[in-house]
Amino acid sequence: MRERLPTRSGSFLIGAFLSVAVTGAQECPVLISRGRLAYESRSFELAAKEFAGAVTACAEKLQPLLYLAQSWTMLGQLPEALNALENLLALDSGNKTGLKLQGDVLYLLGREPEAEKSLLAAINADPQFSDAIYALGRIYYQQSRYAAAVEQFQKVLRLDPKSYRAWDNLGLAYEALNEFDKATQHYLKALDLVHKDHPEYDWAYANLANLLMKKGDYRQAFNLAAEAAERNPNSARNYYLTAKALVSLERMETSVRWLKRSIELDSNYAEPRYLLAQVYRKLGQREEAERQLKAFREINARTPRNRR
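Counted from 1, the sequence shown has number 49 at position 49 by my numbering; the numbering is strictly sequential.
I should point out that these hints are in silico values taken from the structure, not numbers from a laboratory. Mixed in with the good hints, there may be bad ones.
Pairs of lysine-lysine residues, derived as DSS-like cross-links and limited to a Cα-Cα distance of at most 25 angstroms, are as follows [as the list claims (entries may be wrong)]:
hint	residue 1	residue 2
1	Lys117	Lys155
2	Lys182	Lys196
3	Lys282	Lys215
4	Lys182	Lys155
5	Lys282	Lys260
6	Lys214	Lys260
7	Lys196	Lys162
8	Lys189	Lys214
9	Lys155	Lys189
10	Lys294	Lys260
11	Lys182	Lys214
12	Lys96	Lys162
13	Lys96	Lys61
Can you make the complete structure from the sequences, with help from the hints?
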């Protein structure tokens, strides 16, 4: 029996299918490459569009789904990020990077018990996954579970003794436990690590400045807070802390400039309004003092939680 050749229409359909498959295979790396370029240039909306196309075009979905979730997270589109991560974890339930990012997103959505569960699953998948351990420590700190936070940050440092963020946050946790000497030691270790190698990192300077003000060392607190402001001139907290030290040093008029800059950077930051009201009162400018105090009360009414 002679073998039957495909009809012309059948050949056309097979060819068209193969053409689409080849086009998709070729398009996949191009879309991922374009998406990564957009992401690295902080064009997150464009990155999300490219990675969404890659999810459709690529046979292997894990990488584009992870990149898509990261882009949605950076855009603040948290439900979309969570959806991408759920699709990723449906394909690979033990994907440690996906579980860690899911924990971050769930925490930002206020779903803390689920966030902790995701981070613990990521750590279970890789007990040396320091990023997930650090994130779990941050959650414990925010929940005021300070001893548990200390344990997690110590684990990070056993894995990576140069993790300046872990040293800094360990300082915060010890400070919250009123162990000020230990807190100071850990802040200083963080400062030693970031002083030259990480000039963009300002948190350790600001955190130690805040602690020194509690201990009454206002001059050194001013130096550290001013350094934090120089490192990160977009932080309203850094300017507020510098002004707070200046007020304690009785340099009222100078503090006004720092407080005004803090308010310019974040008009919904209540603390500098209250301090500025006190400064204006001491300077005899009662009308300005009342205006700032009114603004403080309005902001506090809208945002009742304390700022850290």
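Quick rundown of the hints versus the structure:
Only pairs whose Cα atoms come within 25 angstroms are accepted, and Lys117 paired with Lys155 is accepted, the gap being roughly 18 angstroms. At most 25 angstroms may separate the alpha-carbon atoms for a hinted pair to count; Lys182 and Lys196 meet this at roughly 23 angstroms. Of the supplied pair hints, the one linking Lys282 and Lys215 holds, its CA atoms being roughly 24 angstroms apart against a limit of 25 angstroms. A hinted pair counts as satisfied when its Cα atoms are at most 25 angstroms apart, and Lys182 with Lys155 qualifies at roughly 17 angstroms.
With a CA separation close to 16 angstroms, the supplied pair Lys282 and Lys260 stays within the 25 angstroms bound. Taken as a hint, the Lys214 and Lys260 pair is honoured in the structure, with Cα atoms around 23 angstroms apart against an allowance of 25 angstroms. Between Lys196 and Lys162 the CA atoms are separated by roughly 13 angstroms; this keeps the pair inside 25 angstroms, and the hint holds. Distance check on the hinted pair: Lys189 and Lys214 sit about 20 angstroms apart at the alpha-carbon level, within 25 angstroms; holds.
Pair hint Lys155 plus Lys189 holds up; C-alpha atoms about 16 angstroms apart against a cutoff of 25 angstroms. Of the supplied pair hints, the one linking Lys294 and Lys260 holds, its CA atoms being roughly 16 angstroms apart against a limit of 25 angstroms. Note on Lys182 and Lys214: the hinted pairing holds, with a Cα-Cα distance of about 15 angstroms set against a maximum of 25 angstroms. For the proposed pair Lys96 and Lys162, the alpha carbon gap of about 22 angstroms is at most 25 angstroms, so the pair holds.
Under the criterion of a C-alpha separation no larger than 25 angstroms, the hint pairing Lys96 with Lys61 is consistent with the structure, at around 16 angstroms.
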